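Student: Here are the chains, one letter per residue:
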Amino acid sequence: MSITLLRRYDEWRVSTSCAQEHGIHGDEGELKDLPGTLEWQRWDCHDEDSRIRLTPALPSLPVIAKPNTSLSIAPGGNALFYIGIPMNVEIHGECGGNLRRLTSIPSEILSKTWHGDRSAGEVCYSLKTQARRHFDASDWLDHDVIVSVDLHNESQEPFEFERLFLDLGHFSIFTYENRLWANACRIRITESDEEGNDITYDSTPITPAESGQEVASAREGKTSRSTLRRAFASVIDVIH
Amino acid sequence: MTPLYLAAMPQWLQDFLATDLPWKILGAAIILIGGVLAVAILSRTALAIFGERLGPQGTMVLKKLIRYIGYAFAFILALNQMGLNLGAILGAAGVAGIAVGFAAQTSLSNIISGFFMIGERPFELGDIIEVDGIAGTVDTIGLLALTLRTFDNRSVRIPNETLVKTQLINVTRHPIRRFNLDIGVAYDENIGHVLKVMQEVAEANLQSLNEPDPLIIFTGFGDSSLNFLLGAWCVQEDYGTLRNTLPRELKERFDKENIEIPFPHMTLAAGKAFSPIPIDLIREPESNG
Numbered sequence: 001m002s003i004t005l006l007r008r009y010d011e012w013r014v015s016t017s018c019a020q021e022h023g024i025h026g027d028e029g030e031l032k033d034l035p036g037t038l039e040w041q042r043w044d045c046h047d048e049d050s051r052i053r054l055t056p057a058l059p060s061l062p063v064i065a066k067p068n069t070s071l072s073i074a075p076g077g078n079a080l081f082y083i084g085i086p087m088n089v090e091i092h093g094e095c096g097g098n099l100r101r102l103t104s105i106p107s108e109i110l111s112k113t114w115h116g117d118r119s120a121g122e123v124c125y126s127l128k129t130q131a132r133r134h135f136d137a138s139d140w141l142d143h144d145v146i147v148s149v150d151l152h153n154e155s156q157e158p159f160e161f162e163r164l165f166l167d168l169g170h171f172s173i174f175t176y177e178n179r180l181w182a183n184a185c186r187i188r189i190t191e192s193d194e195e196g197n198d199i200t201y202d203s204t205p206i207t208p209a210e211s212g213q214e215v216a217s218a219r220e221g222k223t224s225r226s227t228l229r230r231a232f233a234s235v236i237d238v239i240h
Numbered sequence: 241m242t243p244l245y246l247a248a249m250p251q252w253l254q255d256f257l258a259t260d261l262p263w264k265i266l267g268a269a270i271i272l273i274g275g276v277l278a279v280a281i282l283s284r285t286a287l288a289i290f291g292e293r294l295g296p297q298g299t300m301v302l303k304k305l306i307r308y309i310g311y312a313f314a315f316i317l318a319l320n321q322m323g324l325n326l327g328a329i330l331g332a333a334g335v336a337g338i339a340v341g342f343a344a345q346t347s348l349s350n351i352i353s354g355f356f357m358i359g360e361r362p363f364e365l366g367d368i369i370e371v372d373g374i375a376g377t378v379d380t381i382g383l384l385a386l387t388l389r390t391f392d393n394r395s396v397r398i399p400n401e402t403l404v405k406t407q408l409i410n411v412t413r414h415p416i417r418r419f420n421l422d423i424g425v426a427y428d429e430n431i432g433h434v435l436k437v438m439q440e441v442a443e444a445n446l447q448s449l450n451e452p453d454p455l456i457i458f459t460g461f462g463d464s465s466l467n468f469l470l471g472a473w474c475v476q477e478d479y480g481t482l483r484n485t486l487p488r489e490l491k492e493r494f495d496k497e498n499i500e501i502p503f504p505h506m507t508l509a510a511g512k513a514f515s516p517i518p519i520d521l522i523r524e525p526e527s528n529g
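Chains as they are written, first to last, in the working numbering: chain L, 1 to 240; chain H, 241 to 529.
Don't read these hints as lab results, they were simulated from the structure.
All values derive from a computational prediction rather than experimental measurement.
There could be a bad hint or two in this list.
[What the hints assert, rightly or not] Straight line, CA to CA, 25 Å or less: simulated DSS-like cross-link-like pairs of lysine-lysine:
hint: 1; chain 1: L; residue 1: K128; chain 2: H; residue 2: K436
hint: 2; chain 1: L; residue 1: K66; chain 2: H; residue 2: K496
hint: 3; chain 1: H; residue 1: K303; chain 2: H; residue 2: K264
hint: 4; chain 1: H; residue 1: K264; chain 2: H; residue 2: K304
hint: 5; chain 1: L; residue 1: K128; chain 2: L; residue 2: K32
[Said to hold, decoys possible] Quick look at which bits of chain H chain L covers, simulated, 3 or more residues with Cβ under 8 Å:
hint: 6; segment: 434-446
hint: 7; segment: 494-501
[Unchecked claim] If you want the ones that stay clear, here's a sample from chain L, every Cβ over 12 Å from chain H, calculated:
hint: 8; residue: S60
hint: 9; residue: P86
hint: 10; residue: D117
hint: 11; residue: P158
Backbone N, C-alpha and C define an ideal beta-carbon position, used for all residues, glycine too.
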């Protein structure tokens with residue numbers, strides 16, 4: 001995928017394309033080298049506006065991560081999973097002296113899925129994951145934001161990990177050794193009812209990235225222990 | 241002794257004030273003003289209690305109903321205050337009501353049906369519904385009829401009575417919807433392979449939801465084809481796009497996989513199937529010599 005940014009005629013122009021289809025080769029070139037077939041999105045700005053900023057972001061919809069193969073966690077056991085979520089590229093352009101969010105471009109188009117029953121629920125992105133148990137840098141693509149999920153089964157029954165609803169609003173993005181990380185998340189499963197479960201968001205990523213530098217803050221703000229219904233719902237969804 | 245302020249008035253005004261008519265008019269005015277206020281308070285209270293349950297259209301109808309009945313009641317009381325014979329008026333109104341009732345049976349039926357629809361709320365403003373084969377977006381819900389805006393931007397008025405009597409399909413009631421695509425492939429094709437390809441196409445489509453799972457089934461042996469059904473779920477907003485993209489993507493993939501979508505065809509056989517059709521030569525070919 002190729003993102004082309006152009007500042008021309010008092011406007012910002014952004015085009016997303018498959019570079020090879022449009023015959024774009026290399027990162028350098030002149031205006032006349034751009035193919036005429038590019039489709040542009042345009043934003044008005046002032047003559048003196050010139051700053052542009054690209055930041056990583058998590059997808060706008062919650063994600064349902066499904067491990068390729070399910071894993072049973074024994075009562076009292078815990079399991080740490082690493083899940084890679086393809087990042088979005090957020091483009092901020094200077095408009096009237098202030099940086100304004102122009103657009104958000106997904107690095108990978110994810111298919112959609114439904115969280116809830118057929119009468120009520122919400123649309124999410126679907127993500128098939130290896131749900132790795134150990135971190136190995138070579139397992140991940142450059143545009144993946146690595147989310148660590150630590151599941152603690154404190155119930156009396158074995159827990160079948162088949163799917164995980166991840167509301168991404170409380171995750172910040174950190175950079176550590178050229179990798180993108182999200183703050184760690186821990187889910188405690190005590191009973192199979194809503195009140196008996198808990199989800200905790202750490203303020204930093206898991207080791208070895210705990211000293212990573214924050215590059216994008218959480219959309220819905222940071223929270224150490226979520227009491228949101230949606231957060232509990234994520235645990236319920238893990239259970240069912 | 242006449243007070244000074246009365247003495248300054250013209251004689252006709254003095255005569256008028258000497259009767260009880262001014263007091264009746266004043267009483268009637270107070271009743272009318274009080275009636276308007278009472279209707280406003282009653283209307284607000286009723287809306288606060290029932291508003292959420294009735295929805296925007298039901299609220300509007302309830303508001304009108306309270307207003308009309310309240311105003312009529314206040315008007316009758318005001319007339320009574322003026323000393324008019326209400327018994328005669330109500331009697332005449334009753335006779336007129338019977339006559340009007342006979343003449344306006346259909347309208348009354350529509351109004352009563354409208355109340356049922358408001359109570360039941362099978363649809364809301366903006367929903368897409370289908371009635372008697374007419375599909376469109378609900379534009380207005382009135383006491384007598386509903387107005388649908390069809391997809392080619394025509395306005396169709398459907399009497400409430402029809403809505404009660406006939407089958408009504410609410411297309412957008414639920415947030416997700418399934419698009420069903422029937423497709424047939426040639427008898428030469430492998431059913432398992434076709435099912436796998438259809439599954440992959442459904443999974444790859446950007447509008448098709450992974451959950452609920454797409455419905456992919458072999459529906460039977462057709463006249464000219466093996467028939468399949470692909471039912472892909474999507475959110476309501478994506479339905480139009482899915483309808484366009486899924487058949488196209490399936491066709492492209494079938495082409496890629498060399499899966500044939502056959503034309504309807506007919507095999508002629510005589511007697512035993514697949515035996516050659518016997519041909520009788522009824523004249524010797526003419527010899528060239």
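Student: Run every hint past the structure and note whether it holds.
Tutor: Hint check:
1. K128/L / K436/H: Judged against 25 Å, a Cα distance of about 18 Å means the pair holds.
2. K66/L / K496/H: 29 Å, violated
3. K303/H / K264/H: 30 Å, violated
4. K264/H / K304/H: Distance of about 29 Å is beyond 25 Å: violated.
5. K128/L / K32/L: 41 Å, violated
6. 434-446: With 4 residues closer than 8 Å to chain L, the segment 434-446 of chain H meets the three-residue bar; holds.
7. 494-501: This one is violated; 0 residues, fewer than the three required, reach chain L with a Cβ under 8 Å.
8. S60: 14 Å, holds
9. P86: 14 Å, holds
10. D117: 9 Å, violated
11. P158: Non-interface label on P158/L holds, nearest chain H Cβ at 23 Å vs cutoff 12 Å.
Going down the numbered hints, you'll see the structure goes against 2, 3, 4, 5, 7, 10, while the others check out.
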